[in-house]
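Undergrad: Chain by chain, the residues:
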Amino acid sequence: MNLTLKVWRQKNDKSTGQFVTIQAKDIADDMSFLEMLDIVNDDLTRKGEDPIYFDHDCREGICGMCSLVINGRAHGPNQGTTTCQLHMRSFHDGQTIVIEPWRAAAFPVLKDLAVDRTAFDRIQHAGGYVNINTGGVPDANTIAIPKVIADEAFESATCIGCGACVAACKNASAMLFVSAKVSQFALLPQGQTERYERAQAMVDQMDAEGFGNCTNTGACEAECPVGIKLTNIARLNREYLSAKVLSQRDIHA
Amino acid sequence: MSSKSKPLFSSSLGKKLIMSLTGLFLCMFLLIHLIGNLQLFNNDAGYAFNKYAVFMTTFPPIKVVSYLLYASVIIHAIYALVLTLKNKSARPVGYNQSAGSANSKWNSRNMGILGTVLLVFIATHMSNFWWKYHNDQVPYIEYKTDLKTGQQLEVRELTANEFTVYSVQVENGIETVQARDLYKQVDFAFQSLPLVALYVIAMAALAFHLIHGFQSAFQTVGFNHKRYIGCIRTIGVWLFGVIIPVLFALMPLYFFFKG
Ligand code: SF4
Ligand code: FES
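Chains as they are written, first to last, in this note's numbering: chain W, 1 to 253; chain A, 254 to 512.
Some clues are possibly wrong.
[Said to hold, decoys possible] The calculated label-pair distances, taken between Cβ atoms and stated as ranges, are:
#	chain 1	residue 1	chain 2	residue 2	range
1	A	Cys484	W	Asp42	53 to 63 Å
2	A	Phe312	W	Pro189	50 to 60 Å
3	A	Met379	W	Pro189	30 to 40 Å
4	W	Asn2	A	Leu284	58 to 68 Å
5	A	Phe294	W	Phe19	54 to 64 Å
6	W	Gln18	A	Lys479	20 to 30 Å
[To be verified] Okay, derived cross-link-like pairs now, DSSO-like style, lysine-lysine, Cα gap no bigger than 27 Å in a straight line:
#	chain 1	residue 1	chain 2	residue 2
7	A	Lys341	W	Lys229
8	W	Lys111	W	Lys25
9	A	Lys341	W	Lys111
10	W	Lys6	A	Lys341
[Unchecked claim] So these bits of chain W aren't anywhere near chain A, every CB distance computed over 10 Å:
#	residue
11	Leu34
12	Leu44
13	Gly48
14	His87
15	Arg89
16	Asp93
17	Thr134
18	Ile143
19	Glu197
20	Glu223
If you are wondering where the hints come from, they were derived from the structure by calculation, not from laboratory data. Even glycine gets a Cβ: it sits at the ideal position worked out from N, Cα and C.
Work the whole structure out from these sequences, hints included.
TA: Given below as structure tokens:
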């Protein structure tokens, strides 16, 4: 099939970008969206033009590198998929596809469709870890954790840090991401030492990065490729507020 | 992890906590306000309603709560503005295409617009009734009731000269009440079609505001207990999103069509 792409092109983080119309010819149904862009880039390179710059890595939905707002939807029109898992059969011949980068003050555009997501890394550095010696592989079941809790923690840990939640949120809020990272530790015994300090440190960093305030629209949950739930945000609120109101503790003081 | 974190109310979650608590307080007020105002539907020339108005404006604990209430409205609006401005600046360059309706409800994305409608409404509402009542700009009335049979014997409008203060006197089983006639003021105000229209529109805005807002307030304080959250959602939609706004909207309509 043939498609018309309206792609955001921006030279670097200093310049102002604009939409450029590019034709994508002879695209097969079973190509992924990123493969389609590869074909377009081959074409551009052969013509001596600058290829479209976009983030990607694993191309199997596990790394969280691919991004793109496609026709107004983070990671395209399908639910529960990353852009690398989106196939061209979700589009039709002759369609116009508008491709934009994630838009957020905390995610500045680096070039074309790639944004700087190191704000997420800094939030992780602020508290997304545990200070325990891991040592060798422990025997199974030395620390008893109920299955439901283990499952819940595991599901929170599946967040791939892609930033679709921020991109989809009308407030560019990072609450879903932060809540997943906080939940993953708050639920497990290994995460208890820094439990309340973690929630505060990560929320502080989230605010400092310039993300917006959550208004509970639920857009993040709807667009998250791995299905991180809003219940995590309630948990983050609970962790943070109970740290502030009930059990504030400064363990390094 | 840094050991000194920012104070609660300078953080995004602290500001939202304020939105949530003031919002829930206002929800509670709505319920009380509705129950009291249902007396407008009584066919007693405003006897019960006018007595209730005196109670609400003079009983000291209620006066305290009413100041909390005015403060809540103002704080809720100011914080909404502060948070919205912050949210706007969190995305300085917007999307060319955005498919908001694909991932969220309209009212959840437009709480600010709905809230602005409500703020205009509250200002109009207070100047029509609260201000007039407190500044002696409403008519006066006298009721004579036979206490034995509960029958209303006589209802008479008083002139400004005849009225001094609210009073209840009983003589030979006949109760005489002299009061400010807020009921009449309500009746009078709701003869105006534009005002009735404003009220109905505002109650529609209230419904959509609370369908999102009530459950959102619980999410913000971190309350989502499996057993109760379903109940909270139901209360949010049916009580605060349907029953309360509809009953409120019926009040202006009742007076308008009663003539
Ligand atoms: S919560 Fe979901 S959308 Fe947000 S960063 Fe994690 S995986 Fe991506
Ligand atoms: S490229 Fe790794 S998730 Fe898409």
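Undergrad: If a hint holds in the structure, say so; if it doesn't, say that too.
TA: Hints, one by one, checked against the model:
With their beta carbons about 58 Å apart, Cys484(A) and Asp42(W) fall inside the hinted range of 53 to 63 Å. At roughly 53 Å, the beta carbons of Phe312(A) and Pro189(W) sit within the given window of 50 to 60 Å. Remark: the range hint 30 to 40 Å for Met379(A) to Pro189(W) is contradicted by a beta-carbon distance near 54 Å. With their beta carbons about 60 Å apart, Asn2(W) and Leu284(A) fall inside the hinted range of 58 to 68 Å.
For Phe294(A) and Phe19(W), the Cβ-Cβ distance of about 59 Å falls inside the hinted range of 54 to 64 Å, so the restraint holds. A hinted range of 20 to 30 Å for the beta carbons of Gln18(W) and Lys479(A) is inconsistent with their spacing of about 49 Å. A hinted pair counts as satisfied when its Cα atoms are at most 27 Å apart, and Lys341(A) with Lys229(W) qualifies at roughly 24 Å. A distance of roughly 24 Å separates the Cα atoms of Lys111(W) and Lys25(W); the hinted pair therefore holds under the 27 Å criterion.
For the suggested pair Lys341(A) and Lys111(W), the alpha carbons sit about 23 Å apart, so the restraint of at most 27 Å is met. Between Lys6(W) and Lys341(A) the CA atoms are separated by roughly 25 Å; this keeps the pair inside 27 Å, and the hint holds. In this structure Leu34(W) is separated from chain A by more than 10 Å, as the shortest Cβ-Cβ distance comes to about 19 Å. Under the 10 Å C-beta cut-off, the non-interface status given to Leu44(W) relative to chain A holds; the minimum distance is some 21 Å.
Even its closest Cβ contact with chain A, about 27 Å, leaves Gly48(W) beyond 10 Å, as expected for a residue assigned away from the interface. Its beta-carbon lying about 19 Å from the closest one in chain A, His87(W) satisfies the requirement of being farther than 10 Å from that chain. With a closest Cβ-Cβ approach of about 19 Å to chain A, Arg89(W) is found to remain outside the 10 Å limit, as its non-interface label requires. No Cβ of chain A comes within 10 Å of the Cβ of Asp93(W); the nearest lies about 20 Å off, and the non-interface call holds.
Thr134(W), annotated as away from the interface, keeps every beta carbon of chain A farther than 10 Å; the closest lies near 18 Å. Under the 10 Å C-beta cut-off, the non-interface status given to Ile143(W) relative to chain A holds; the minimum distance is some 22 Å. For Glu197(W), the condition that its CB be more than 10 Å from all CB atoms of chain A is violated, with the nearest at approximately 5 Å. Distance to chain A contradicts Glu223(W) as a non-interface residue, since its nearest Cβ pair spans about 5 Å, not more than 10 Å.
Consistency with the previously given hints fails for numbers 3, 6, 19 and 20, ordered from lowest to highest.
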